[in-house]
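**Student:** Sequence:
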Amino acid sequence: MTRQFTRRSALALSGSAVTVGLVGCLSTGLTSSESESLGDHPPADQPATEPQQFQYDAQNTNVTGTSPPTDNSLRWRIRRDELDSNEEMIDGLVARDDHLVVATREAIHALHPDDGSERWRTDPGHDGRTPAVTPALSSEAAYVAWSQENEAGLSALDLSDGSERWRLDSAVLVTSSPTLVEGTIYVSVLEDGRPPSGAIIAVDAADGCVRWRFPTGQMSSTPAVADGTVYVGGGTEGIVYAIDAETGDKQWEFSAADRIHLPPTVVGDMVYIPSSFARRVYALDATDGTEVWSVGMILSASVAATANTVYVPAIYDIKMFDSDDGTEQWTGTLSDISLGSAPVVAGETLLVPGDRAVCLDLTDGTHLWEQTVEEGIVGHEKERAVSCEPVVTDDGVFLGTAAGDIYAIDT
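Take 160 as the starting number for the sequence shown in the working numbering and just add one per residue.
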């Protein structure tokens with residue numbers, strides 16, 4: 160693949176933030192009219208009636224005000240072969256403006272939520288190296304990760320037809336879902352090298368130009384962004400960084416007991432850091448990174464959090480903690496369900512993905528309903544599994560599975 164540089168500039172960052180390589184515009188195939196159009200979309204952190212990125216918002220809260228149905232009446236199911244896909248696993252689902260966007264490691268699909276029919280399908284470049292990432296949606300574009308022939312990056316796809324608006328060819332592996340805030344995309348990447356070098360980059364959503372770059376060690380988590388600050392876990396380094404969203408300057412850092420690969424969640428003045436390796440959830444002060452409280456437990460995925468409570472998935476149960484001091488409020492035991500994706504707070508309920516999807520009462524963990532799914536390959540084993548966070552909209556609940564199927568549960 161040949162790189163075409165439409166604009167290039169270096170950005171000198173003060174303090175502890177340093178550049179890794181060159182910072183500038185590495186996108187290709189962008190016209191000025193497309194750039195202006197992409198720049199017109201509304202800020203991503205404004206309230207929306209539908210989720211538009213990984214874990215519902217830029218803060219990774221996994222909270223939506225939309226309530227799921229009171230029972231699990233199945234409206235439709237799309238099987239893998241109906242998607243014309245050889246890929247067994249659904250990596251991510253996200254919905255906005257009557258578009259259900261589906262990511263696999265083979266292609267990006269846009270479906271009609273009402274009946275599952277396909278709007279468009281495109282392959283921005285997938286060679287199997289792209290990790291499980293969820294696209295970010297503005298009102299006009301889907302921002303997706305791609306990898307092809309030892310190169311990788313981001314692409315902006317037109318939400319109406321899937322055509323490519325720009326492509327960032329940065330010779331790295333994208334290791335997180337993109338987080339979209341006020342016209343800027345924040346994403347973790349892994350550069351080639353021995354050992355590989357991780358970083359978080361800020362990319363202009365209008366034209367794909369890299370605004371700044373901050374080194375994070377090795378493979379980093381999906382960033383959370385709140386009140387002008389980017390929070391990201393530094394992977395094998397076990398360090399949490401708070402970075403100025405505008406300049407890329409480091410504000411503070413916190414060292415955990417072990418590696419951090421799960422995404423942080425920000426609510427109010429608290430940052431929640433789950434670490435499956437340290438077997439602990441940390442609650443940090445968002446302003447300076449001091450530890451407010453922590454609890455030890457075996458984690459299976461990232462958390463969901465509201466202003467007052469934090470919901471943490473363990474292996475076979477889910478726990479609710481008080482956000483102020485970490486006091487446990489209740490534990491929902493889910494018998495043989497194996498959790499692998501983060502829970503979703505939806506209205507007054509909690510949706511828990513695992514070997515099936517379970518809907519619990521938010522106040523006490525009472526079991527309301529569950530949806531079983533067909534078996535698929537997880538690792539090297541054949542298992543039943545909901546493979547990504549459920550999406551809840553006014554059109555229903557949507558589940559992606561390890562078998563490559565999509566389920567729509569009616570409202």
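For the record, the hints were derived by calculation from the structure and aren't laboratory data.
Here the structure is a predicted model, which means the values were calculated and not measured.
Beta carbons are placed, not taken as given, at the ideal position from N, Cα and C, and that holds for glycine.
Hints are not guaranteed to be accurate.
List time: in silico SDA-like cross-link candidates among lysine to any residue, alpha-carbon distance up to 25 Å [unchecked claim]:
hint: 1; residue 1: K478; residue 2: Q530
hint: 2; residue 1: K478; residue 2: P228
hint: 3; residue 1: K478; residue 2: A437
hint: 4; residue 1: K409; residue 2: D444
hint: 5; residue 1: K409; residue 2: P374
hint: 6; residue 1: K478; residue 2: T490
The following label-pair restraints were derived from C-beta to C-beta distances [stated by the list, open to error]:
hint: 7; residue 1: T446; residue 2: S276; range: 42 to 52 Å
hint: 8; residue 1: T465; residue 2: E529; range: 42 to 52 Å
hint: 9; residue 1: S226; residue 2: N467; range: 10 to 20 Å
hint: 10; residue 1: S497; residue 2: W452; range: 20 to 30 Å
**Student:** Decide if the proposed pair is consistent with the structure: K478 and T490, CA atoms, cutoff 25 Å inclusive.
**Tutor:** holds, 4 Å
**Student:** Do S226 and N467 keep their Cβ atoms within the hinted range of 10 to 20 Å?
**Tutor:** holds, 18 Å
**Student:** Starting from K409, check that the Cα of P374 is at most 25 Å away, please.
**Tutor:** holds, 10 Å
**Student:** Is it true that the CA of K409 sits at most 25 Å from the CA of D444?
**Tutor:** holds, 15 Å
**Student:** Please verify whether K478 and Q530 have alpha carbons no more than 25 Å apart.
**Tutor:** holds, 21 Å
**Student:** Quick one: are S497 and W452 within 20 to 30 Å, going by C-beta?
**Tutor:** The hinted range 20 to 30 Å holds for S497 and W452, with Cβ atoms some 27 Å apart.
**Student:** Confirm or reject the claim that T446 and S276 have a C-beta distance inside 42 to 52 Å.
**Tutor:** holds, 48 Å
**Student:** Could you see if the CB distance from T465 to E529 stays within 42 to 52 Å?
**Tutor:** About 23 Å separates the Cβ atoms of T465 and E529, which means 42 to 52 Å is violated.
**Student:** Does the structure keep K478 and P228 at a Cα separation of 25 Å or less?
**Tutor:** holds, 23 Å
**Student:** Need the status of pair K478, A437: alpha-carbon distance at most 25 Å?
**Tutor:** Holds - the C-alpha atoms of A437 and K478 are around 17 Å apart, at most 25 Å.
Of the numbered hints stated above, the single one contradicted by the structure is hint 8.
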